[in-house]
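Novice: Sequence:
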Amino acid sequence: MKQSKRLTNNVTWVGKVDWELATFHGEEYSTWEGSTYNSYLIRDQKTVLIDTVWLPYAKEYVTNLKDEVDLKSIDAIVILHGEVDHSGALPELMREIPDTPIYCTNNGVKSLKGHYHCDWNFVPVKTGDT
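Counting from 1, one number per residue, gives the positions in the sequence shown under my numbering.
Read the hints as simulated data drawn from the structure, not as lab findings. Treat the hints with care, since some could be wrong.
Stated by the list, open to error - Straight-line alpha carbon distances no greater than 27 Å define the calculated DSS-like cross-link-like pairs of lysine-lysine that follow:
1) K46 - K59
2) K110 - K72
3) K72 - K113
4) K126 - K113
5) K126 - K110
6) K59 - K110
7) K126 - K46
8) K46 - K66
9) K113 - K59
10) K5 - K72
11) K66 - K5
12) K5 - K59
13) K59 - K72
14) K5 - K46
15) K113 - K46
16) K66 - K113
17) K46 - K72
What the hints assert, rightly or not - Label pairs and their calculated CB-CB ranges:
18) P124 - Q3: 29 to 37 Å
19) K113 - S73: 22 to 30 Å
20) Q3 - T127: 30 to 38 Å
21) K72 - Y40: 12 to 20 Å
Backbone N, C-alpha and C fix where the C-beta goes; we use that ideal spot for every residue, glycine too.
All chains, please: the whole structure from these sequences, using the hints.
Specialist: As structure tokens, then:
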């Protein structure tokens with residue numbers, strides 16, 4: 001089921017609403033009314049995808065993303081941090097667009113390689129980079 005929502009002329013929310021999620025980070029946080037896995041598609045001079053969604057929704061996410069954009073037109077992926085609620089769909093997505101650069105911090109690269117044992121096209125960034 002398509003869940004994208006255009007926020008501005010250039011920004012579309014392409015995440016996932018998870019109504020079944022009751023806790024987050026173990027029992028540390030309660031999410032009585034579910035939660036969202038936020039991912040954004042920015043179309044400007046370049047097309048950039050920010051974050052993905054949790055692994056159980058990876059196939060649905062990539063299918064929905066294909067309805068929104070030609071995956072090969074995505075110039076870059078930005079992963080805010082490596083936790084699986086932000087990066088879980090990366091393996092599924094990278095099967096489709098394996099050479100797309102992934103921008104994240106050095107810690108993000110380490111985390112993503114640890115989670116997914118991957119050798120993707122990482123571009124490490126640091127504070128102040130543009």
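Novice: Sort out which numbered hints this structure fails and list those numbers smallest first.
Specialist: none
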